[in-house]
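**Student:** Starting from the given sequences, assemble the full structure and let the hints guide the process.
Counting in my numbering, the sequence shown runs from 83 upward without gaps.
Don't take each hint at face value.
Pairwise CB distance ranges, derived in the manner of DEER restraints [as the list claims (entries may be wrong)]:
no. : residue 1 : residue 2 : range
1   : 156       : 234       : 18 to 26 angstroms
2   : 135       : 245       : 20 to 28 angstroms
3   : 127       : 267       : 31 to 39 angstroms
4   : 194       : 263       : 14 to 22 angstroms
5   : 167       : 273       : 39 to 47 angstroms
6   : 127       : 162       : 17 to 25 angstroms
7   : 131       : 230       : 31 to 39 angstroms
8   : 210       : 273       : 27 to 35 angstroms
9   : 268       : 194       : 13 to 21 angstroms
FYI, nobody ran anything at the bench for these hints, they're computed from the structure. A virtual CB, placed ideally from N, CA and C, is assigned to each residue, including glycine.
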Amino acid sequence: AGDQEFVENAAFWQAQHARFSGKLPFTSANLTFAKEPRFPLVPVVKVVREGIRITVLGLIEPDAFEFIENRDLQVEPPLAVLRSQGQALFEGSDLQILLFHGSWEMARQLVAENPYLDLVIMGHQQRREAVQVGQTLLVENGYAAEFLGSVKLTEKGGEWQAQHQLIPITKNLPVYPFAREIVDHYYQQLNGEPGH
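**Tutor:** Dropping the structure here:
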């Protein structure tokens with residue numbers, strides 16, 4: 083989620099959480115709701131895939147809210163979070179992924195201070211770019227949902243090597259049922275169809 087999603091209040095997020103509970107995690111280690119209802123965010127999501135322990139941490143930059151005021155939110159600086167909790171949040175992980183909604187400048191600073199990060203998936207500035215910073219790949223897939231990003235990770239000698247590919251969103255892409263369900267639900271709401 084990015085800054086524009088927070089134009090709505092915490093009650094909006096509570097409803098989304100109820101709708102997607104168990105299907106779509108909402109993660110942020112530095113965002114809290116200041117008022118009731120307090121939306122439950124988890125700092126990290128940990129999964130195991132093919133024996134690889136993966137930790138995904140969500141952070142948002144306070145400056146991302148430059149044009150959107152939401153008094154329901156408190157945002158701790160991402161550098162402060164990683165300085166105080168970073169290694170503990172990623173403890174026991176084989177692959178460290180940061181989902182970061184903020185500027186490239188801040189992302190580079192986060193990686194410089196936390197070189198254990200393997201991959202940073204960016205949002206906010208909407209660049210179509212992939213940059214290697216030390217051993218960490220930073221990627222952002224552009225704007226207006228023109229592309230999906232695919233990252234192939236390969237472990238060699240205890241380090242991850244990443245290859246990034248942009249996939250144009252065209253009619254040739256196969257339908258992903260979970261995403262289709264979400265889109266259909268919102269179109270039904272927009273069209274005022276009963277029972278939704």
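**Student:** Look at each hint and say if it fits the structure.
**Tutor:** Hint by hint, here is what the structure shows:
Between residue 156 and residue 234, the C-beta spacing of about 37 angstroms breaks the proposed range 18 to 26 angstroms. Checked against the hint of 20 to 28 angstroms, the pair residue 135 and residue 245 passes, with Cβ atoms roughly 21 angstroms apart. The given range of 31 to 39 angstroms is broken by residue 127 and residue 267, whose C-beta atoms sit roughly 23 angstroms from each other. Our hint of 14 to 22 angstroms for residue 194 and residue 263 is violated, since their Cβ atoms are close to 40 angstroms apart.
Restraint check, residue 167 to residue 273: a C-beta distance of roughly 44 angstroms satisfies the suggested window 39 to 47 angstroms. Restraint check, residue 127 to residue 162: a C-beta distance of roughly 21 angstroms satisfies the suggested window 17 to 25 angstroms. A beta carbon spacing of about 19 angstroms between residue 131 and residue 230 contradicts the range 31 to 39 angstroms that was offered as a hint. The hinted window of 27 to 35 angstroms between residue 210 and residue 273 holds, with their beta carbons roughly 32 angstroms apart.
The beta-carbon spacing between residue 268 and residue 194, approximately 39 angstroms, falls outside the hinted interval of 13 to 21 angstroms.
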